[in-house]
Amino acid sequence: MPVSHETHPGLHRVMRATPDAVAVARHAVAAFACDHGASARRASDIALAVSEACTNAVVHAYLDHDEPGTVEVDASRREGSLAVRVADHGRGLRPRPDSPGPGLGLPLIHVLSDECVLADGDPGTVVDLRFAIPQPV
Amino acid sequence: MPVSHETHPGLHRVMRATPDAVAVARHAVAAFACDHGASARRASDIALAVSEACTNAVVHAYLDHDEPGTVEVDASRREGSLAVRVADHGRGLRPRPDSPGPGLGLPLIHVLSDECVLADGDPGTVVDLRFAIPQPV
Amino acid sequence: MTLAGELDIAAVSQLDEALHRAQADAPLVVLDLRALEFIDASAATLILAADRRIRRAGGRLVVVRGGATIHALFALIGLDQKLEFMHRPFAAITEPVAFTQGG
Amino acid sequence: MTLAGELDIAAVSQLDEALHRAQADAPLVVLDLRALEFIDASAATLILAADRRIRRAGGRLVVVRGGATIHALFALIGLDQKLEFMHRPFAAITEPVAFTQGG
Ligand SMILES: Nc1ncnc2c1ncn2[C@@H]1O[C@H](COP(=O)(O)OP(=O)(O)O)[C@@H](O)[C@H]1O
Ligand SMILES: Nc1ncnc2c1ncn2[C@@H]1O[C@H](COP(=O)(O)OP(=O)(O)O)[C@@H](O)[C@H]1O
Numbered sequence: 001m002p003v004s005h006e007t008h009p010g011l012h013r014v015m016r017a018t019p020d021a022v023a024v025a026r027h028a029v030a031a032f033a034c035d036h037g038a039s040a041r042r043a044s045d046i047a048l049a050v051s052e053a054c055t056n057a058v059v060h061a062y063l064d065h066d067e068p069g070t071v072e073v074d075a076s077r078r079e080g081s082l083a084v085r086v087a088d089h090g091r092g093l094r095p096r097p098d099s100p101g102p103g104l105g106l107p108l109i110h111v112l113s114d115e116c117v118l119a120d121g122d123p124g125t126v127v128d129l130r131f132a133i134p135q136p137v
Numbered sequence: 001m002p003v004s005h006e007t008h009p010g011l012h013r014v015m016r017a018t019p020d021a022v023a024v025a026r027h028a029v030a031a032f033a034c035d036h037g038a039s040a041r042r043a044s045d046i047a048l049a050v051s052e053a054c055t056n057a058v059v060h061a062y063l064d065h066d067e068p069g070t071v072e073v074d075a076s077r078r079e080g081s082l083a084v085r086v087a088d089h090g091r092g093l094r095p096r097p098d099s100p101g102p103g104l105g106l107p108l109i110h111v112l113s114d115e116c117v118l119a120d121g122d123p124g125t126v127v128d129l130r131f132a133i134p135q136p137v
Numbered sequence: 001m002t003l004a005g006e007l008d009i010a011a012v013s014q015l016d017e018a019l020h021r022a023q024a025d026a027p028l029v030v031l032d033l034r035a036l037e038f039i040d041a042s043a044a045t046l047i048l049a050a051d052r053r054i055r056r057a058g059g060r061l062v063v064v065r066g067g068a069t070i071h072a073l074f075a076l077i078g079l080d081q082k083l084e085f086m087h088r089p090f091a092a093i094t095e096p097v098a099f100t101q102g103g
Numbered sequence: 001m002t003l004a005g006e007l008d009i010a011a012v013s014q015l016d017e018a019l020h021r022a023q024a025d026a027p028l029v030v031l032d033l034r035a036l037e038f039i040d041a042s043a044a045t046l047i048l049a050a051d052r053r054i055r056r057a058g059g060r061l062v063v064v065r066g067g068a069t070i071h072a073l074f075a076l077i078g079l080d081q082k083l084e085f086m087h088r089p090f091a092a093i094t095e096p097v098a099f100t101q102g103g
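Residue numbers (our numbering), protein chains in the order written: chain H, 1 to 137; chain D, 1 to 137; chain G, 1 to 103; chain W, 1 to 103.
Think of the hints as simulated: they come from the structure by calculation, not from any bench. Honestly, I wouldn't trust all of these hints.
[Stated by the list, open to error] Pulled a few chain H residues facing chain D out of the computed Cβ check, cut under 8 Å:
#1 L11
#2 V14
#3 V59
#4 P68
#5 T70
#6 R94
#7 S99
#8 L106
[Stated by the list, open to error] Per label pair, the in silico range of CB-to-CB distance:
#9 W:R34 / D:R130: 41 to 47 Å
#10 W:E17 / G:E37: 43 to 49 Å
#11 H:D114 / D:P100: 42 to 48 Å
[As the list claims (entries may be wrong)] If you want a taste of the chain H side facing chain W, the calculated C-beta under 8 Å gives, among others:
#12 G92
#13 R96
#14 P97
Since the structure is predicted, the reported quantities are computational estimates derived from the model, not experimental observations. Positions of the beta carbon are idealized from the N, C-alpha and C atoms, including for glycine.
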């Protein structure tokens, strides 16, 4: 259901980094992408990338903490693309020889997105993704 | 042995992506970094990051090829930093569930560098790294 | 065994248990993905691990492909070549081992 | 067992064999990294795998720390907490099991 852009300044969600947050983030960004011109196929790629990035925040970011901190998801429409940011305030992206994951997340996020920049939060990790989407007419 | 910068326009090496290329690349970039103001400690961080990026080109890039293609290493001095690029012309950075590696390479490259951008070659993978190094006086 | 709903990090331990249980039940496990709405890399990897485990034990895992977006994930991580996929199940097999997960 | 030179992808299979051999020789394996000039993540991970294997078999792997840059890699990938490190070997142990790798 496309909605006029003025009514959608951007998406911003702050959640506790627990497993159930991942679906919430994924659904919110997929809906935002659909509303802003993404095809169903494209929206599902975006949802998968967001899901993997949020999963990393849930699984890795707060390893050293007693309680998980937050994961923040932002999305906004840019000229010709959708910008999505997944940020946490945890230990920062670093190697973990005992990772429970299969090590597919980062390469998967890379292939799904048109640009993927991994930056340090202060503290934490910021994953900035860009997905090319033709401007709706 | 610091050398005047004018005599060092930049480092450029093209090698076949075989295991022995990794040490050659690592040594060349470490020497270049030392010559351009990196401390021994900093140069060894840079060498490790380059080593991991070249190892990825050797291990992953030419998986689908009968013969390995090339891996290219470039380094140049920028204002306040060293820019290093490791590029291959292989299958592109994508997930590999049967990876023989422990999955530490990309996160390690990320922590060792001050900026790490993974881009697509055409075809292949381009890893652009920036290491902050104070300008020598 | 039929998987439905969304398989992400919130469901992996449940999926892992279900796959272990299915293996204990029969030497041929048919995993039907047609009702699945989402799957992530860690869940798909659990299916690969189950395949390896079941084959090592002399059994066999056959996966009934999900929709286009589900199968896209398997293709992206190279599992479309590593698992035994089929488009439609034999009618006989689907009935008895139905199981619904997540949602 | 003494490791010298540079341990990267070009040396991993040789390292893996050496670690398997050392395990076969004695229940206590002392791995001396002081002569090492370089180690990458895959080589360090092989040492972790050897540690796990040796402990599972009832043995023990003790690692004599290398120089600052060598130890930095172990710390970066979190293995400084997962392996049993010591600063200096007991004189008695170093002598007999010397082995030189790579270079
Ligand atoms: N948000 C994060 N915070 C801390 N570390 C992270 C984060 N995301 C990724 N990492 C690190 O990067 C590694 C690779 O991530 P990924 O490719 O998703 O594989 P996996 O999660 O399966 O290990 C992880 O094992 C972890 O060490
Ligand atoms: N140059 C490359 N070409 C193709 N794929 C790559 C390349 N570099 C990395 N990859 C992919 O990214 C994944 C993660 O890389 P890395 O973190 O170095 O872990 P590892 O190499 O141990 O698997 C690899 O398993 C591979 O699928």
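Verification of the hints:
1. L11: With a minimum Cβ separation of about 25 Å from chain D (threshold 8 Å), the hint on L11 (chain H) is violated.
2. V14: violated, 24 Å
3. V59: For V59 (chain H), the interface hint is violated, since the closest Cβ of chain D sits about 13 Å away, which is over 8 Å.
4. P68: With a closest approach of 20 Å, the P68 (chain H) hint is violated.
5. T70: Status violated, d = 21 Å.
6. R94: holds, 5 Å
7. S99: holds, 7 Å
8. L106: holds, 5 Å
9. W:R34 / D:R130: 41 to 47 Å: The hint (41 to 47 Å, Cβ to Cβ) is violated, given that R34 (chain W) and R130 (chain D) are roughly 33 Å apart.
10. W:E17 / G:E37: 43 to 49 Å: This hint holds: roughly 48 Å between Cβ atoms.
11. H:D114 / D:P100: 42 to 48 Å: With a Cβ separation near 29 Å, D114 (chain H) and P100 (chain D) fall outside 42 to 48 Å, so the hint is violated.
12. G92: This interface hint is violated because 12 Å lies over the 8 Å limit.
13. R96: Since chain W brings a Cβ to about 6 Å from R96 (chain H), closer than 8 Å, the hint holds.
14. P97: holds, 5 Å
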